[in-house]
Each structure stands twice: as structure tokens, then as C-alpha cells.
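2 protein chains.
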Amino acid sequence: MRYRITAGTVMTLDPAGTIHRPGQVSWENGTIVSVGTAESDRRPVDQTIHVPAGVVMPGFYNGHNHAAMTLFRGLADDSPLFEWLQQHIWPREARLTADDIYAGTMLAAAEMIRSGTVGFADMYFEMDAVAQAVADSGLRGWLARGLIGTQDPDGEKLAESVEFARRWADQADGRIVPMLAPHAPYTCPPPYLAQVAEAARKHNLGIHIHLAESHQELADITRQYGRTPIELASDTGIFRNRTLIAHGVHILESDLPALAGLVGGVIACPVSNAKLASGILPYRLLRDAGVPIGLGTDGAASTNTLDMFQEMKAMAWLQKLRDGQPDGFRAVDALRAATRGTAAVLGFPGGELTTGSPADLIVVDGRQAHLMPEWDVTANLVYAGVGSDVVYTVVAGRILMAEGIIQSFDEQAIMRDVVSRVAHLTD
Amino acid sequence: MRYRITAGTVMTLDPAGTIHRPGQVSWENGTIVSVGTAESDRRPVDQTIHVPAGVVMPGFYNGHNHAAMTLFRGLADDSPLFEWLQQHIWPREARLTADDIYAGTMLAAAEMIRSGTVGFADMYFEMDAVAQAVADSGLRGWLARGLIGTQDPDGEKLAESVEFARRWADQADGRIVPMLAPHAPYTCPPPYLAQVAEAARKHNLGIHIHLAESHQELADITRQYGRTPIELASDTGIFRNRTLIAHGVHILESDLPALAGLVGGVIACPVSNAKLASGILPYRLLRDAGVPIGLGTDGAASTNTLDMFQEMKAMAWLQKLRDGQPDGFRAVDALRAATRGTAAVLGFPGGELTTGSPADLIVVDGRQAHLMPEWDVTANLVYAGVGSDVVYTVVAGRILMAEGIIQSFDEQAIMRDVVSRVAHLTD
Chain A
0 MRYRITAGTV MTLDPAGTIH RPGQVSWENG TIVSVGTAES DRRPVDQTIH VPAGVVMPGF
60 YNGHNHAAMT LFRGLADDSP LFEWLQQHIW PREARLTADD IYAGTMLAAA EMIRSGTVGF
120 ADMYFEMDAV AQAVADSGLR GWLARGLIGT QDPDGEKLAE SVEFARRWAD QADGRIVPML
180 APHAPYTCPP PYLAQVAEAA RKHNLGIHIH LAESHQELAD ITRQYGRTPI ELASDTGIFR
240 NRTLIAHGVH ILESDLPALA GLVGGVIACP VSNAKLASGI LPYRLLRDAG VPIGLGTDGA
300 ASTNTLDMFQ EMKAMAWLQK LRDGQPDGFR AVDALRAATR GTAAVLGFPG GELTTGSPAD
360 LIVVDGRQAH LMPEWDVTAN LVYAGVGSDV VYTVVAGRIL MAEGIIQSFD EQAIMRDVVS
420 RVAHLTD
Chain B
0 MRYRITAGTV MTLDPAGTIH RPGQVSWENG TIVSVGTAES DRRPVDQTIH VPAGVVMPGF
60 YNGHNHAAMT LFRGLADDSP LFEWLQQHIW PREARLTADD IYAGTMLAAA EMIRSGTVGF
120 ADMYFEMDAV AQAVADSGLR GWLARGLIGT QDPDGEKLAE SVEFARRWAD QADGRIVPML
180 APHAPYTCPP PYLAQVAEAA RKHNLGIHIH LAESHQELAD ITRQYGRTPI ELASDTGIFR
240 NRTLIAHGVH ILESDLPALA GLVGGVIACP VSNAKLASGI LPYRLLRDAG VPIGLGTDGA
300 ASTNTLDMFQ EMKAMAWLQK LRDGQPDGFR AVDALRAATR GTAAVLGFPG GELTTGSPAD
360 LIVVDGRQAH LMPEWDVTAN LVYAGVGSDV VYTVVAGRIL MAEGIIQSFD EQAIMRDVVS
420 RVAHLTD
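Chains A and B are the protein sequences, given in the same order. Take 0 as the starting number for the first sequence in numbering that gives the first Met the number 0 and just add one per residue. Take 0 as the starting number for the second sequence in numbering that gives the first Met the number 0 and just add one per residue.
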């Protein structure tokens, strides 16, 4: 099947920032076969979608998520961090079944598809249920079980993670990429991280880890080990694999040598970092050092929304505040972080609309009061757009949402299922 | 006509924070006549609206706007501030006709009604056109022409403002409240501010002024006058009238004595203050001093969106970052600022759903993936909600939007008109 979308605006986000007005994108077998002005490809197609007031652009890659935590969205919000974890989240997580986690991940999938996300990197548990949700929803998933080194003395859970990777590597038309996820330096001592690094090398897996998230972590790790979280992680060898560093708020200039050999990059989570009062990513420091920077939401239990438009806004607002000037960090920087940025951290070719790229794209309805007039479509999308402006979501060439209606699964049934499951989690 | 909305949740935002599930709100002649559980009022009504998955709550009051600047949304975004003003905004503002300003204000009205705003405080020029847009759209407006003291040597524009107030005070069923708006201390020298204060007293008008917005202003005013912007303004006598201080980012602890007698309060504009890198409001300082605090968007040329849900998010995120802890500023604090907070600054009785209050209310559609499950409806609204979740907007008892469709004017015609006008503003 060959498909084509024609629209008022096609924002390619290619390196030159090319915009076609009006424009078209055509794809076949999950790959883009042409991009250009409206009349640039006249070959016949099997299905044409015409959105005159639409903006076609690459879909978002959410670089850090705990998707099933939609189940806990808003639970005991605004509490002190440890009270929240110990009294509210952990006791309920202990009761979650695989079916609960499937349902929570499907709810997250609905929210992500609705708000233009085409793939996400996830760290949680019962990952077979998460992988099944990725398979069923049509999204892409970079999936890993969170490993707590202090609770894995014999490396059994690490071994299970490798098994999980074997089991799912070739499933769902290649939309699932298994990874290894040592949770954080304060839960995974250096010898365990070294074990994970070795397993990653041996099985050719990427690594997903929380690093340099809070000031507390920086202080504790530095006191305990005499090295920063980044230096400590680097010393264990994990950066010799592709590594996704989630957060990175407290990366210091003195950490740059330790990051020099990093394949992968840093996923900024500005909403989570603001809401938990963790701080603001040193974006400029990392960018100038050539570190790829993507964008992620963190789990909905702390961030509340999986809408990448909110993350783009938060990233831009906070970077401008950090800079102390309004003209350094621009709208397009946020848009690139949310698309090509995360994809680059993951080593995935998505994030731009160019021939040969994966057909992971979305259409935003530009004919709405809050997106008019159109002096600058990039500024409109980043600073005024919201997830619900998305009307089409296409992943690997498959139309997951059309005219605002999810096509790949029964969203209403998922919402009903979540409501009944949450009733059992309420004491 | 008597109306009633019944819904799954009625969030009254009364002082006790009462929530009825399910609940009802009834109103007549623009005033709420009963609020309670679903069966709490069985008197017959002329129209019933039933939204089983809806959340009924007070509408938002946007405390600081330049509504017609929707015409410049996204124009030369991310530029240095003075380049942006001098090269892009001011030359185009000079060309705006009254009809342009009417169209821009109507576009803003569409965006505000769609995102649950029921009233706004506006400072711009050609205010008869703005007032006409308020009359036509059905919103409430606290309206004032921005006065540049340095360009008003004979007080002619001040006199025109008083005339404007006379002309509109009793129009549009009392939905228009004229004010006086000396622009800022760096454009209105102290003798001019004193003149405005005198006129305000004489004609019983409130005052709307930009104060303590940027570090530059604080530094310049302090150097020039030996007093902070707040102290300077206080000395001119303007605070003896009801005064709406827009921004207030750089209010110092030493300013509190000057604020002690203030009737009115401060309107936080967190998105604008972040986007222009102005800083973060000292919320806790002002709250502890008993200063009423509301919320506003500033104009869409700098903030890009008039969605008060974005302001609530930004306010909460930034206050948590400023506090350095996640549990001080809570979701409900943002919600109260956006509703009762702004109303209190304006001296208006709105902002809560109680018998005798103005029937200014909205309904949010809670049955959406990003607003589920419902551990905490307040957290869901503030941290995950967006303007487009609003399905009904009621102002002074009149239904301005029903099921997501604006009832009070032809939104499509306004959008077409704006597009054609903007074409003339493009060089």
C-alpha cells in the first residue's frame, strides 16, 4: 500500500528546516518515498489524505517514560517526594498485576497517539505486558525493565532482562527495541553497573538509566564515591554502549570528559524536573559539548501528562529563564529535541520527513483560534500548540489515529478497563 | 430563564473546597441560585444540560492581557526584546486600525471562550473596538487604554480614558468595567502617575499598570529615582485606588510596607515572565503578606497562548522550582489564582460556585485519556488539563460555548477576517 498526505504545510525538520506550502508526504512499507511541494509526486497511491489546514511534521519520540504509571496520575500529588513514594506509590505498585500494567500502558498509548507521540522509551516492570501493549497499540517502544542492583545479588533479574530482549527483539515488525535499564547510581552500585555494561556489550543492547537527576543524588554519590554520578557511571563502562541518560539536570562542566565517549545522549524531562523541584538542565553546556539532547515526559504519576507539546513549552520557558535572556533557546530547538533529538539519542533514523526515513508522522489541525495567524508555524506549534491539536498519527506507515479517532484499538474499552482496575488500587 | 447543569463533578472552589459528585449548578438572570449534589434542587428549569463525565467549575479570569495582540502571535518570536519591539511590533501596531483591533480581540475572545476564560483585564488602544468585541463576544472585560505619560503632556489621553469610561460603564449588561492604565513607571513619570491617581479617585476607577516586571526596570527606576518601582508607584498615590499590578516579578521584601495599603493585588504572568526571561514571582512573599494574587497571560504576541491552563501549569512548575521543594505550591493554589484570585484583585465577586455568585462557569470533559484515572480532579485539571478540554463556557448566565461550539458569534468568519487583515500587516 502506498499512501500520501497533502496539507497546507509540510514541516520536514530536515537539517535545512525545509517547509513546503502546500506540501505532500508519500510512504510505502513504513518508509517515506517522497516529500515536497503538493505537486512534487504524481505517482498513483492507494490512499490519499487531504488536510488543507493541516501541518504535517515528524511525530514525537518520548525519550523517558514509565508508561503504566498513568494508573497513578494525580495520586497524592504535591506531596513531599519520599512520603509520596513510600506511602502512596510503592505500596500500590507492589499490588500491580501484569494485566494492570498492560491496561495502564494502553491508556498511555492512547494519550501518546492522541498527542502526536510515535514512540517512547520505557522503564518499568512486567515488561512483557508493556511490550504487548506496544505491539497492540502500533507505537514504537524502546523497552527495559528497571533493575535495582541492590535487590539483584545473583544477577537473576539482569539475566531475565536479557531473556526479555531475546523474546521481543524481532516482534511487532521491528517496532520494539529492548534495552537494559539499571535504575540509577543510588540503587545500582558500581559493580552491578559494570555487570550491566558487560551484558549490554555482549548482547548489543542499549542502556537506559536515571542519572544526575537531583541535587540530593549528586551530593550523596559524590560523598559516597568521591565521583559525580556521571563520572561514576562512566567508570563502570556503561557509556561504551549506547546509553540514554534520563534527566541529567545536575551534569557539571567537570563531567564533560566523562561524557566525551558517550554514544547516546541525554533526555531532558523539564516538566518532571520542575514539578519535583529538581532543577533545570544545563542545555547549553551539553549542546556545546556535542551531546545529543532529546526530550521525555517521565511517568504520568509525577508529570501528569504525556503531552510532548507541554514538554516543549516547559523546555523553552525554563531554558530562557536559565539563560536570563529570551533569544538563546528557540522554538525550533525544542521541536528538534522532541523529534530528531530523542531519535538520535536512541540511534534511530526517525525525526525528520525525508525520503528513506521511517514513516512516523503526525498532522496538526492549524485552523484553530489559538494557532492563528501564522507568522511562524514553528512558534505556533511549540508555544501555542497542545496535544489535542493532533488529528492524524502515523507510525511505521500505519495510521494509528485518523480525524482524531484512534484506529488501532478500542480506546473506550481501555478507559473503562482502567477505571475498574483503579477501583481495586484504592484503599 | 432558569438553567441547570448536572455533571459527574461540581468543583465549587468555595472557601472549604467543596466538591459534589455528582452535582448540579442552577442559575437565573446571570446569578447562581443553587449548587449542590445532583438531587439538591428539584425546582423546574427552562433548560437542563447533562454532562455525566463533565467537571463543572468556575471559569477563569485572565488578569492581564493585550487581547488584540493575537494578531502578532508568533511574529519574530525568540528575538531580543528591543529588536522585537522596535523592528517588528511597534511599526505594525502603528498601522493597526480600529477594525483590525476589533478583529484581533474577537480572535482572542474565541480562544478565551474555547479555553474556559470568562473575563479578562485588557490594556491596549482603540479601546472602543475592544469594548465592542467584549459586548459582542459575551465575555466580561476590565478595559483600559494604555497611557504613555511621556506622550501625554496635556493629559488629553487621560481625559479621553475618562470619557471612554463614561461611555461604556453601563453598556453590555454590566460586563464592561472601564479602568485607567498608566503603562509603566518607565513610560509614566511620577507627576503623571499622580494625575492618573487623582482622576481614578475622582471617577471611581481602578488602575491597571505594569510594575516590577523586569530586572532592568528595577535597576533603572531605582537608579533614577532612588526608590523601587513599587515604592515609586505607592508614593504617587495610585495604590489608594484599586490597583492591578501586572507581573510584580521583582517585588522585594522591602517593598511590603509600600504595598500594605494596596486595594487590588498582583497578577502573575508566569509564561510571559519565563518566555521573556524576566524571572519568577515571589509568590510566597506576597501571599504571606496578604496580597491578593491572580493570574494572567499577557498578550499573545509574547505568550503565544491565552490558555489559562498553561498559565496554571507554568505557575506551579516555576513556584516549585523557586521553592526548591515540590510540596509548597499546590495545584489548588494555581486553580484559585486563576479564578477567585484574579477576581479578588479586580474586586469582582466571581471565582467560586456559590449561591448568589455570578454565573460564570465552565464544563471540562473529564472522559479523556489524559484526564484519567481520577485520583485527584484538581491535579488532573491543573497538571494535565488543556484549554481544549473545555466543552461549555457560561458568562453572566449566557451559554457562550456549548459542546465545543461557540454560540455568541461566528468564529469561522472571525478567523477568515483575521487572515485577510494580517496579509496587510505583512511587509
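Be a bit skeptical, because a hint or two may be false.
[Claimed, not checked] Just a few of them, taken from the derived set where beta-carbon distance is under 7 Å, the chain A residues facing chain B:
hint, residue
1, Gly73
2, Leu74
3, Asp77
4, Ala158
5, Val161
6, Glu162
7, Arg166
8, Thr304
9, Arg329
10, Trp374
11, Tyr382
12, Val385
13, Ser419
14, Val421
It is worth saying that the hints were derived from the structure and are not from the lab. Note that the Cβ used here is the ideal one computed from N, Cα and C, for glycine as well.
Under 7 Å, Cβ to Cβ, is where A/Leu74 needs to be relative to chain B, so tell me if that hint holds or is violated. With Cβ-Cβ at 4 Å, under 7 Å, it holds.
How about A/Val385: closest beta carbon in chain B under 7 Å, or not? 4 Å, holds
Does the interface hint hold: is A/Arg166 within less than 7 Å of chain B, judged Cβ to Cβ? Violated, because the Cβ-Cβ distance from A/Arg166 to chain B comes to roughly 28 Å (cut-off 7 Å).
Under 7 Å, Cβ to Cβ, is where A/Ala158 needs to be relative to chain B, so tell me if that hint holds or is violated. Constraint on A/Ala158 not satisfied, violated at 35 Å.
Any CB of chain B closer than 7 Å to the CB of A/Trp374? 4 Å, holds
Using Cβ atoms only, decide whether A/Gly73 comes closer than 7 Å to chain B, and label the hint accordingly. Hint on A/Gly73: holds, closest Cβ of chain B at ~4 Å, below 7 Å.
Take the shortest C-beta to C-beta distance between A/Thr304 and chain B; is it under 7 Å? With a closest approach of 4 Å, the A/Thr304 hint holds.
With a cut-off of 7 Å on the beta carbons, see whether A/Tyr382 makes it to chain B. Cβ of A/Tyr382 sits 3 Å from chain B, so the hint holds.
Just to be careful: measuring from the Cβ of A/Ser419 to every Cβ in chain B, is the smallest value less than 7 Å? 10 Å, violated
Quick check on A/Val421 please, does its C-beta sit within 7 Å of some C-beta on chain B? The hint holds - A/Val421 has a Cβ within 7 Å of chain B, the shortest such distance being about 4 Å.
Against chain B, with CB atoms and a cut of 7 Å, does the hint on A/Val161 hold up? 33 Å, violated
If you take the shortest Cβ to Cβ gap from A/Asp77 to chain B, is it below 7 Å? Result: holds, 4 Å to nearest chain B Cβ.
Hint violations for this structure: numbers 4, 5, 6, 7 and 13, all remaining hints satisfied.
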